[in-house]
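Protein chains in written order, with our numbering: chain L, 1 to 228; chain A, 1 to 228; chain U, 1 to 235; chain F, 1 to 235.
Keep in mind that the hints were calculated from the coordinates and are not lab data. Hints may contain errors.
Taking lysine to aspartate or glutamate and the EDC-like style, the derived pairs with C-alpha atoms no more than 20 Å apart in a straight line are [as the list claims (entries may be wrong)]: (1) F:131 <-> F:88; (2) L:84 <-> U:201; (3) L:127 <-> F:88; (4) L:78 <-> F:231.
Among chain U residues calculated to face chain L with C-beta under 7 Å, some are [stated by the list, open to error]: (5) 68; (6) 69; (7) 117; (8) 118; (9) 166; (10) 205; (11) 210.
Using N, Cα and C, we set each Cβ at its ideal position, and we do this for glycine too.
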Amino acid sequence: MSAAINDIKLSNAQIAWRAAQDIEDGAYVNLGIGFPEMVAKFQPAGREAVFHTENGVLGFGEAPQAGEEDWDLINAGKKAITLKPGSAFFHHADSFAMVRGGHLDVAILGAYQVAQNGDLANWSTGKGGVPAVGGAMDLVHGAKRVAVITDHITKKGEPKLMTACTMPLTGVGCVTRVYTSLAVIDIEDGRFVLREKLPAIYFDDLQAVTGAELKVDGTVRDLIVPAL
Amino acid sequence: MSAAINDIKLSNAQIAWRAAQDIEDGAYVNLGIGFPEMVAKFQPAGREAVFHTENGVLGFGEAPQAGEEDWDLINAGKKAITLKPGSAFFHHADSFAMVRGGHLDVAILGAYQVAQNGDLANWSTGKGGVPAVGGAMDLVHGAKRVAVITDHITKKGEPKLMTACTMPLTGVGCVTRVYTSLAVIDIEDGRFVLREKLPAIYFDDLQAVTGAELKVDGTVRDLIVPAL
Amino acid sequence: MDKTVAALAEAVAPIQDGATVMIGGFGGSGAPIELIHALIDRGPKDLSVINNNAGNGHVGIAAMIEQGMVRKMICSFPRSADPKVFTDLYLAGEIELELVPQGTLAERIRAGGAGIPAFYTPTSFGTDLAKGKPVAEFNGRQYVQERWLKADFALIKGELGDPLGNLTYRMAARNFNPLMATAAAHTIAQVSRIVPPGGIDPEQVVTPGIFVNSVTEAAIPQQEEILNRQEAVYP
Amino acid sequence: MDKTVAALAEAVAPIQDGATVMIGGFGGSGAPIELIHALIDRGPKDLSVINNNAGNGHVGIAAMIEQGMVRKMICSFPRSADPKVFTDLYLAGEIELELVPQGTLAERIRAGGAGIPAFYTPTSFGTDLAKGKPVAEFNGRQYVQERWLKADFALIKGELGDPLGNLTYRMAARNFNPLMATAAAHTIAQVSRIVPPGGIDPEQVVTPGIFVNSVTEAAIPQQEEILNRQEAVYP
């Protein structure tokens with residue numbers, strides 16, 4: 001079955017596209033470094049979010065052309081960015097006041113594991129090496145809505161959506177929606193509630209690759225994403 | 001004896017002058033509203049302090065000419081001020097970060113009462129009415145050195161330097177030097193230590209108008225202040 | 001995104017009876033007189049007002065109090081050149097007062113905006129204003145625990161504003177304004193001039209737009225100090 | 001008052017063995033490379049260094065670590081494009097690491113500068129990084145108590161500086177620099193240009209001079225990112 005899943009599953013770009021559809025016009029948004037940064041590319045026409053980066057910029061735009069980088073103008077992933085009209089600079093304490101103070105509308109983060117109570121593990125595999133946390137633990141307790149984008153299963157085929165995380169936690173009960181390569185799942189009252197799934201996958205097959213019970217509460221819509 | 005004291009005692013301007021002599025060149029200074037503001041006039045030649053006001057200005061200068069006031073440029077006493085080159089504006093949290101964080105070299109405040117352990121009462125007589133505290137309680141726990149300027153006795157002839165304050169406290173154990181109309185007194189190890197007194201007053205007469213024991217530890221110098 | 005609102009009345013329209021309202025300014029410097037007077041025109045009652053002071057004369061916050069709109073003041077210094085409006089009501093027991101040291105007031109508001117529910121400060125330790133508050137020792141020194149302060153609304157006075165809500169302030173009129181902008185669920189700013197996006201250098205923005213919900217222009221704002229010297233009365 | 005210092009070496013001369021040193025910057029943006037390299041020339045040992053990261057390549061903080069000057073790193077993200085210097089020492093148990101969430105790191109430094117010995121934050125509650133820290137409930141939610149962070153020295157990178165120590169910053173190079181300036185007993189700033197008093201509009205000062213002890217000019221500062229792309233090594 002895993003082979004079949006690999007045939008039908010969404011690409012990272014498609015997962016990012018789906019997450020972008022839920023960002024409202026004028027929302028203040030923080031995108032985690034790496035894969036989540038891709039969400040910015042897929043804002044629906046007519047909507048414009050304002051992007052925040054932990055290192056003190058609000059209202060930044062796309063990456064500059066190669067060779068046009070100014071390395072004093074970077075995002076939290078240390079990638080060069082550009083400014084949109086109406087942007088602002090501020091120091092790190094003010095930046096995390098925005099985060100921790102509940103001023104961001106949404107944070108979209110990657111995940112190693114998400115539990116059905118909303119616990120998130122995305123900073124450490126717990127296997128040693130050099131630990132590094134960055135701003136992840138702040139973001140999960142600050143934004144009004146914390147969403148995760150992730151492959152539904154690991155490369156080894158193990159579930160990433162669990163009854164309880166086995167890896168070190170980033171935050172407790174913080175995630176409210178998960179966009180995976182197979183489905184869109186809300187976390188409500190300590191349960192995974194299936195909202196959308198790829199039309200090509202049966203519910204039972206989806207349940208089989210999910211590490212906790214998938215509840216159905218109302219219609220499960222088709223997860224339809226354009227080729228990208 | 002009170003009559004005699006009224007003949008010899010220093011004026012407020014003279015007390016302010018004496019306090020100003022202890023402010024070093026380049027010191028960051030906050031002067032309480034009212035009488036302490038007068039200290040700024042008496043900076044010794046060749047020294048220049050940088051004055052801080054709670055409402056968010058560092059490096060302000062004298063009052064403007066009448067009619068030249070800009071009421072967006074005031075001090076904590078709501079009096080119009082001017083700017084010196086190199087001044088800075090900041091918000092109230094940053095302003096009190098300077099105060100509470102120990103960045104001011106000296107705060108000079110008025111007093112109702114000072115106790116020999118350094119307790120200060122200067123915000124409320126405790127007699128009812130509308131209480132108002134302003135920034136006094138912050139200043140006494142922030143500046144590296146907290147000094148008081150005050151008449152040595154009340155208008156009724158009662159001591160203002162006491163074994164313990166009877167009025168509501170502004171701060172506990174915070175004052176280290178008192179400049180009075182008769183003497184300069186340090187507070188060390190819970191005791192008043194006399195450093196300077198007017199040449200015209202005998203020690204016993206000074207002790208008689210002081211509500212706690214005056215210790216002598218080394219030379220008591222003459223308190224010599226110019227006519228102002 | 002366009003947070004500009006054409007009329008002062010429209011800007012203050014969401015403020016209902018019983019709201020907690022932070023109002024910027026230190027004395028008259030930075031006091032959003034036009035927004036306050038628009039709020040008086042609207043006339044919500046039973047408000048809790050947070051400001052450094054408690055009004056002066058018969059304009060601004062003093063006029064709000066005089067109109068019976070204010071149930072409680074949270075401030076550091078309810079005195080002024082002419083504090084009669086507040087004083088009379090307070091002594092008659094008809095208005096509540098929560099007195100907060102000025103630096104603690106600023107820090108509590110900043111904490112409200114920054115998601116810090118409580119912090120420790122040396123300020124007020126051992127005084128009447130610390131009564132009933134938890135105390136803790138750190139590095140051999142005693143500190144008082146203070147709680148964050150938030151509001152339903154903030155009325156703010158800026159100098160420049162843009163449609164994204166970015167603000168600058170004029171000289172010492174900054175004071176509590178940038179803090180209050182962060183600590184209210186809904187922040188309403190009056191500015192002397194609205195400029196297009198990009199009209200404020202991003203390095204010179206003092207209040208980033210994320211903290212501001214609406215911006216309205218009061219091109220030649222009144223100064224409370226001057227109104228009081230003219231013995232003005234509102235309405 | 002003149003806080004300007006002609007030579008980088010003179011600016012860092014007070015830093016002795018065993019000192020705790022905050023170093024501004026987020027990655028290479030705002031990193032005071034010239035001050036760091038002057039400190040490497042001086043060579044104090046046994047330092048505790050506070051920075052968001054733990055060095056990249058073989059310049060700046062990575063070079064300090066490579067020279068054996070650093071006993072302990074306090075940071076949020078000891079990873080980079082080329083973190084080999086820190087990683088090897090850490091895995092060999094030859095350098096200590098205190099890992100702090102980024103926002104908590106910023107707030108702890110801000111608290112150190114503001115005289116707030118402890119505060120509560122939701123960040124890290126229920127995680128390994130909260131182990132051993134006091135927890136308290138406010139309004140039905142759990143928070144972790146965090147302590148202030150102070151240092152003996154701060155090395156800061158500004159854009160403009162004046163003889164009173166007032167500073168501005170260039171774009172996102174602001175990051176931790178203004179916070180660290182407030183939290184060190186002795187703050188040393190390098191700037192691209194020293195201007196006379198009054199050369200910075202008082203409304204545009206980001207770090208008021210009260211927080212700064214010395215200012216030195218590094219007119220065309222090096223950018224860590226570019227040095228690393230050139231595979232530069234210091235010394």
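Cross-check of the supplied hints:
no.: 1; hint: F:131 <-> F:88; verdict: violated, 26 Å
no.: 2; hint: L:84 <-> U:201; verdict: holds, 11 Å
no.: 3; hint: L:127 <-> F:88; verdict: holds, 16 Å
no.: 4; hint: L:78 <-> F:231; verdict: holds, 17 Å
no.: 5; hint: 68; verdict: violated, 33 Å
no.: 6; hint: 69; verdict: violated, 28 Å
no.: 7; hint: 117; verdict: violated, 10 Å
no.: 8; hint: 118; verdict: violated, 13 Å
no.: 9; hint: 166; verdict: holds, 6 Å
no.: 10; hint: 205; verdict: holds, 4 Å
no.: 11; hint: 210; verdict: holds, 5 Å
When the structure is compared with the earlier hints, violations turn up for hints 1, 5, 6, 7 and 8 and for no others.
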